[in-house]
Amino acid sequence: MSTAQVQKATSVAVPLSVGALVAVALGVYGRLHDPTGVAINLAGFSSFLAVKTWLATLAAVLGLVQLASAVALYRGHPKVAPLHRWSGRAAVAATLPVVAHCLYALGFQYDEPRILIHSLLGCFFYGAFVAKMLTLTRTDAPKWLLPVVGGALFTALIGLWLTSALWFFTTFGVIR
Amino acid sequence: MGQRSPLVTLAATAVGLLGFMVVNSTQTGTSSSSTATPTSTVTPTTSGSATPSTPPETPTTSTTAPPKPPTVAPPAVYAGRTNDHVASLAIATKGDRAAAYVCDGRRLEAWLTGTYRNGRLALSSKTGERLTATITNTAATGTFTLSGRTLRFAIAKAGPPAGLYRARNSTSTIGWIVLPDGKQVGVDNDGTPAPAPPLDPATRKATVNGAPVTAQAVVGDETF
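Chains as they are written, first to last, in UniProt numbering: chain F, 1 to 176; chain S, 1 to 224.
Hint data in this document are derived by calculation from the structure and do not stem from the laboratory.
The beta carbon of each residue, even a glycine, is placed where N, CA and C say it ideally should be.
The reader is advised that the hints may include incorrect statements.
Claimed, not checked - Not everything, but these chain S residues come out facing chain F in the computed CB check (under 7 Å): (1) Pro6; (2) Leu7; (3) Thr9; (4) Leu10; (5) Thr13; (6) Ala14; (7) Leu17; (8) Phe20; (9) Met21; (10) Asn24; (11) Asn118.
With the rest of the complex left out, here is chain S (with noise of 0.2 Å):
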């Protein structure tokens, strides 16, 4: 009978998994070049993102808020910093959808989708980075997955010019967060992740690679 059957088996499955390892890595090129390079040459936007600033009122009180949060969230926006400054982020909801985006003004961005369901959000993006939260009339608290580290947030309610906007052109993709303080930070990404240029939140226009674009407020509904 087959004796060596399991040893066939066995060699099998570690052939298969340096396999699936090598498609790993050929993977890497494209994401991991992008977010590994140092964007050091790139100059500070007006946006001063790595500045110390007052942090957004974080309601201590909002864990024992309401006792029945509704089925759906009405519109809002969140937006503020993670608890240990690394970066910032916005949370948009509408109905049982939410958008959110967070980054740190350099290199680090993610645009996530997600539900609302029982004063829970819950959001992922397709690059793999996760985001649950708790949300109050007041403040979302929650945590920011990416690879392999967790950021946590308490952060409050923001009204405009506060908030999370977009713009697109033919290269490239640019998030904005402005904060409830007026401070923006934001990520022009064309492959290769960099400081946004200053967004106007008055008229929601930003120069970007010498091209005027204007960015759209992200509500919640949004796909990306």
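Just chain F, same shape as in the assembly (with noise of 0.2 Å):
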């Protein structure tokens, strides 16, 4: 293999590898950790799990933000970076309460297939996160993996919305 080679193998694989590493962390230590069940309460709401499902709707609306915003950098409009940019600091940021407490009081569970699938990609989304910041300072990456972990995390916060946010509102009721 010449250097160049090894230079693009190692350019795909670090940002992939270190994101793996952070997605069976956080499953390992959402497992190992004694869950406390604990939630804190704000003032308006009629549970943490009501606002941790409004922070995951306010997320997954600004990852849709997040999709137009590419797929217009990837048409040739450079001056929705910032708004792609900013978008996605702030996706990420309404998310971090909300796995906070799905780490710290609830865990890495599979009582229901759908408690799996959303602790799955709970790990999986964080994973793709780094994956996605790291791919992104690397010049030298080939053109394809931007889009797919770009791809993955969107699709993982998707899933996640889909298996907490949706589940919550059918059974409960679109409440505060």
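The task is to assemble the complex, starting from two chains supplied on their own in separate frames and drawing on the hints.
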């Protein structure tokens, strides 16, 4: 293998393997940490579950903005780059209180298919996020890598929303 | 162009997550110390929640029962034990509202409120426990989820004195489930859950830490 090939291979392997490590680490933490079941409650919401639901919904909407702005970027509209960056940052920021509660209070669970899928996707999402951020820093990465990790991130986010917030809304109604 | 900015975003995300985890861990002090403290020194009550008894008759035919459930639930109380006998629970329904109490008579308890719609109950507690059930004229079947565990139950409709009772005074909230066989399971929570003193189901009076309290029957439209 030539040096160029090695460089090309590491530009793919490094972001993906670091992302995979993060995903596995989150899953292991979620499994090993004894779930506390505690919840902080916010005024104006019926439970922290409702707070999480709305934050996840906000993140999912910002995820749609991400998809639309990414498509625009690839069609040659560099003006939307700041929108893409900041909506992405906002989306991840909105998920942080949610994942902190998931990991700390609930942990990785697999009692029901919905919960198993949600737990797996949750770990995968942050792994994909790390992989995407690392991909962005590498100019030598192949062109297909960024849309693949970005697409994985978006798919995971929507899957997470479907297995949590949508379940909450259909079970308890659209409540705060 | 910002080669470093994704790394900054990544670092900020990690710091943010860490911050929220720390916030969560500060919340443990109040709630988990109360659930994690074994209350072994407490004298057992006459409710004898640990005593195995005949399980409430579980109507196995209930799953095939009414083809169209009513839109609002008739006032009813369902009481019984979870399938694994870990805890007892009582659910009261009234109109489109429902209230439930789950406890093990020692240190686990949860007060839940929620809704009844098309034969389905969906309840949640302020501390994150959830209860979902399908109800028929004779039984409630469903699951209760608390911090990672799922308890399944199939409990029968219960008439007085069986039911759900609640009393409050300045320091504690006490919940009692009176099972169809007359046995009581209750938790007295003044910050640290402990077995509840016996309740006289006829007068609904009990003595908590030397002071008399009167319990109210929970009917389903409470907000807790």
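Hints that the structure is at odds with (numbers, increasing): 6 and 11
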